[in-house]
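S.K.: Spelled out from the first residue to the last, the chains are:
Protein chains: 2
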Amino acid sequence: MTRIAAVQLSPVVGDLAGNTARAEAVLREVLAAGAEIVVLPELTTSGYVFTDEAEARGLAIDAEDPLLARWSSLLGDAVLVVGFAELGRGGRLYNSAAVLDRSGTRAVYRKVHLWDLEKRVFTPGSDLPAVVETPYGRLGVMVCFDLEFPEWTRIAALRGADLLAVPANWPVQPRPDGGDVPEVQIAAATARLNHMAVLVADRQGPERGVTWAGGTHVVGADGGIVDRVGPGDGVAWADLDLPASRDKRQGELVDLLGDRRPDLYGPLLA
Amino acid sequence: MTRIAAVQLSPVVGDLAGNTARAEAVLREVLAAGAEIVVLPELTTSGYVFTDEAEARGLAIDAEDPLLARWSSLLGDAVLVVGFAELGRGGRLYNSAAVLDRSGTRAVYRKVHLWDLEKRVFTPGSDLPAVVETPYGRLGVMVCFDLEFPEWTRIAALRGADLLAVPANWPVQPRPDGGDVPEVQIAAATARLNHMAVLVADRQGPERGVTWAGGTHVVGADGGIVDRVGPGDGVAWADLDLPASRDKRQGELVDLLGDRRPDLYGPLLA
Chain A
1 MTRIAAVQLS
11 PVVGDLAGNT
21 ARAEAVLREV
31 LAAGAEIVVL
41 PELTTSGYVF
51 TDEAEARGLA
61 IDAEDPLLAR
71 WSSLLGDAVL
81 VVGFAELGRG
91 GRLYNSAAVL
101 DRSGTRAVYR
111 KVHLWDLEKR
121 VFTPGSDLPA
131 VVETPYGRLG
141 VMVCFDLEFP
151 EWTRIAALRG
161 ADLLAVPANW
171 PVQPRPDGGD
181 VPEVQIAAAT
191 ARLNHMAVLV
201 ADRQGPERGV
211 TWAGGTHVVG
221 ADGGIVDRVG
231 PGDGVAWADL
241 DLPASRDKRQ
251 GELVDLLGDR
261 RPDLYGPLLA
Chain B
1 MTRIAAVQLS
11 PVVGDLAGNT
21 ARAEAVLREV
31 LAAGAEIVVL
41 PELTTSGYVF
51 TDEAEARGLA
61 IDAEDPLLAR
71 WSSLLGDAVL
81 VVGFAELGRG
91 GRLYNSAAVL
101 DRSGTRAVYR
111 KVHLWDLEKR
121 VFTPGSDLPA
131 VVETPYGRLG
141 VMVCFDLEFP
151 EWTRIAALRG
161 ADLLAVPANW
171 PVQPRPDGGD
181 VPEVQIAAAT
191 ARLNHMAVLV
201 ADRQGPERGV
211 TWAGGTHVVG
221 ADGGIVDRVG
231 PGDGVAWADL
241 DLPASRDKRQ
251 GELVDLLGDR
261 RPDLYGPLLA
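Here the protein sequences line up with chains A and B, keeping their order.
Here the UniProt record's numbering is used: the first residue of the first sequence is 1, the next is one more, and so on.
Here the UniProt record's numbering is used: the first residue of the second sequence is 1, the next is one more, and so on.
Hints may contain errors.
Where chains are identical, the list cannot tell them apart; a pair therefore holds if satisfied intra-copy or between any two copies.
What the hints assert, rightly or not - Listed next, the in silico EDC-like pairs over lysine to aspartate or glutamate satisfying Cα-Cα at most 20 Å (straight line): (1) Lys248 - Asp222; (2) Lys248 - Asp259; (3) Lys248 - Asp15; (4) Lys119 - Asp263; (5) Lys248 - Asp233; (6) Lys119 - Glu252.
Calculated from the structure, these hints are not laboratory results.
Use the sequences and the hints to build the structure in full.
M.R.: Below you can see the structure in the form of structure tokens.
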């Protein structure tokens, strides 16, 4: 079993130093508590509600920033996924997630499906969801709104992800069914359809007129919610057998991936 | 607004005449109550748990069977979707759904993603989900396990379905989250991800050692459950504005279909 921590934070837009310090403090805490996989929210370092592209640019760091190397050095045997505003080599900005271990940066995934006003700040990524081999299993990574494209989550499953780690910033949305954060339902269905554990590290609280939902949770490969944070900062914990996600059978002759009909799925490319 | 009825029944395997009579009785009832779109479960005519292929063959009807013409003649302005065991021209058996209106049979969809032991009885279909233009909006049709392939539901949305009508036979499955039929969560997420209403007409009760879940329900395009039947036979009703499903916007710059990245989805065909 792998001990997994999904961290819910409330970054302050513009406060790079403070956000970094708060994230590092909770990282140290969960590592001390035995976390082997840690996921922090989307745009943990910068905050989210930028006034304009220039503000975002001032808060972006490049993928070789010493911050990531420092966090790598804290990890021991653990793996960290963390969202950050990335300044690319050509000067473009990306809404990215880094996968770090003691060896350094294992992958940087750039959010492909940008949400709403992000389109005015960031360039969309063009690579598939990251799938990183770790001692605990294969870690799939995408960012927030990417989770709402079933094509994208399916591709992560097809590429072998055992746990899909999703740094997110979910704004509060209308809730047709009452109490729950509606995107949690999407994460749970994604887990069940793909027999793949899903983890969302969300943020909470207000920021420049937006209220963040605080939807941090972990779903098992069977679609059942294992833990969630609720209101306030906090950590959702789960002990999961990640390679168990690889058994896609369900009933004697059912295989959730093997029963696909890719010969008929051409319209998805249109 | 369109008045929609999702009918939950308990067919008896082998009792073609009785199943047909019971289905016709409830069809007349819901039509009298003002239903404009009626959906009956998967394999309404035959029942589900066949002893072998020969039993299924004895219960299959072809798509020109007078039964379908008789049901068409009852419909007035309404549209009916009903699951049946189909005997194809070449002698093959299909797990099919017919879409009927007063003009006759508008479409026959053959289940593509066969579940478990169905593979020993039926031939999988090879056509895309049916999408039928009606006076109420565009009706997408697939059968039961098809709903658990996000590629398939997405294709229905891309082809313009406003309401996805799903005749189903859901066996009772483990429920990681306690009370609810887990596939309901999948239907709700499917609706929300595609901004497309989803209706499931399920069966209930025991049949040769299988217990059926009784998960009949209607989900609005926002992912909220509008009505459900619960235990026993019954009808879930909903008044829906079907063409409203076509507005895929969510936020100023968001479009749930327009934000797709089909240029990157090639791995879905592998």
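S.K.: Sort out which numbered hints this structure fails and list those numbers smallest first.
M.R.: The structure conflicts with hints 3, 5, although it agrees with all the remaining ones.
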